[in-house]
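Position 416 (the sequence shown) corresponds to 955 in our numbering; numbering is contiguous.
Fair warning: there could be bad hints in the mix.
List time: in silico DSS-like cross-link candidates among lysine-lysine, alpha-carbon distance up to 27 Å [what the hints assert, rightly or not]:
id, residue 1, residue 2
1, LYS908, LYS975
2, LYS638, LYS716
3, LYS821, LYS890
4, LYS951, LYS908
5, LYS963, LYS975
6, LYS975, LYS916
7, LYS916, LYS951
8, LYS729, LYS716
9, LYS963, LYS821
10, LYS890, LYS975
11, LYS716, LYS706
12, LYS729, LYS622
13, LYS916, LYS959
14, LYS814, LYS729
15, LYS814, LYS748
16, LYS906, LYS975
17, LYS975, LYS959
18, LYS706, LYS821
19, LYS777, LYS908
20, LYS729, LYS777
21, LYS890, LYS908
22, LYS821, LYS777
23, LYS963, LYS916
24, LYS729, LYS748
25, LYS814, LYS906
26, LYS906, LYS890
27, LYS821, LYS959
The set of hints was computed from the structure by calculation and includes no laboratory data.
Since this is a predicted model, take the numbers as computed values, not measurements.
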Amino acid sequence: MEESDCRSNNNGSEEMIDRLSSLPDSLLISILSLLPLNSAAATSALSRRWIPLWTHLPRLIIEDGYHPTFSSDTNTSRQNFDKFITTVDHILRQATSPKIETFNLRFYHPDLEIDQYPICLASLNSWVLLICARYPANLEVSFDFYLNGLQFIPLPPCIFETQSLVKIELRGYFNCKLPESGIVSLPNLKELSLNGLDFDFQVLRTLFKSCPLLEILFLGVEFMEDEIVEISAPNLRKLAVYMRGSSYRSIFLIDAPLLEEIDVQDCVAFYYFVKIPSNLQKARIHFWDSIFGEGSVHQTHIPELIRGISNVNSIQLGNNIHIFDTLNRMDAANLWSLFHNLTYLCLSVSKECVNWGARIPLYLLSKLKRIDVLAIKGDDNDVCSVYYILSLADVLEQLNISCFANSGKGGKRQLWKEYKFCGKLFTFSRRSITSKIEFNGAYIHAFSHGPRNASSASQIDWLGPSMWPDIEEEDE
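Build the full structure now, drawing on both the sequences and the hints.
Written out as structure tokens, the structure reads:
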């Protein structure tokens, strides 16, 4: 490096820059690609040698730093919008790498003005066209905005013709249409996430069939009318569907013989499997509570889903323990006898549910080796439920219990509640004499092995004086 090029008066810094500058450009670019984009660009101040290096970065991660508050005025919002658009334009004009490995763009403007919409549309189209011409492998675009008289931004169809893509993640008010040719060409795509998009379902049908290597699929959809979604993916391993809206008879027809994990949340739909996946290992179900209300039309959808996931060895139910009651009312409780591989059950019981333990089918309790119970309150209802589980679980190896602690009622009262609960928990007899019980509360961590309290230990985490309220609390 020439002496005049050095921008530091510190000899140690000069020597460090000299050593770095002796490295080839390719290695320096690899090092810069590990830094945040603004930090990488700032290195151009080091010397003339460094000025162009950041423009060759193969990874461009650009995030809108604007976070409006209730006090934000219109002028501030407009200034930040203009600044973001200008900044992205500048970065992409400077970028000279022939291959952009990763492009990640996050735009957040909940107070978009109507005259800014066409700017968004034109900017997004030019940015995506430029990136797609650089053979990207990973493309993530998130556009979060709110506009009176909501309008979706047309998604540049070139995305679905970019054969180099391995991962696509799109989130926001995008309108998704096929290219004019009607052909989707994504032969290398392995991961696809679509959240909040507006699309014709012919688009999805064509899209899934045009991704032969697809392994991971996330769909975040809002259906106001009943729809049919066909998911045909011969190599799909993980599927997540978060469905919202007023539809209650939408259908997901799933042809994924290699599926290993499924996660369905929010609203219920009909989930039909062309063939029950033999490799399915994990299922997570977390529907809205209203679905389990008396007379709810959504409940008729549940048996087909349960039948379709019957090969799993692990189920997580997020506040959905009422699913057991639903199947009982529909004379479909025998479906649980299909779960020959099930060994793990995770329950969240933060919502009020009387005698929740007794709702678990006996057939499942006879097979489960591990049970996790999350967010219990530690009251008599929880005590009775845990006792029920321990007295009937034949092969149970581990029971993990975590306690929900209300931050407004911490301190001595919470500690005392946890202490009393553990006092009962570790004296219960157990059907499985080799089982381990572990309790994690806000203050107490305790566990025991073997029948009753054969081998146990406990620990109280005081967490400092700040956790103890100054107000007087009555002991329970």
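* Asked: Against the structure shown, which of the earlier numbered hints fail to hold, in ascending order?
  -> 4, 9, 12 and 27
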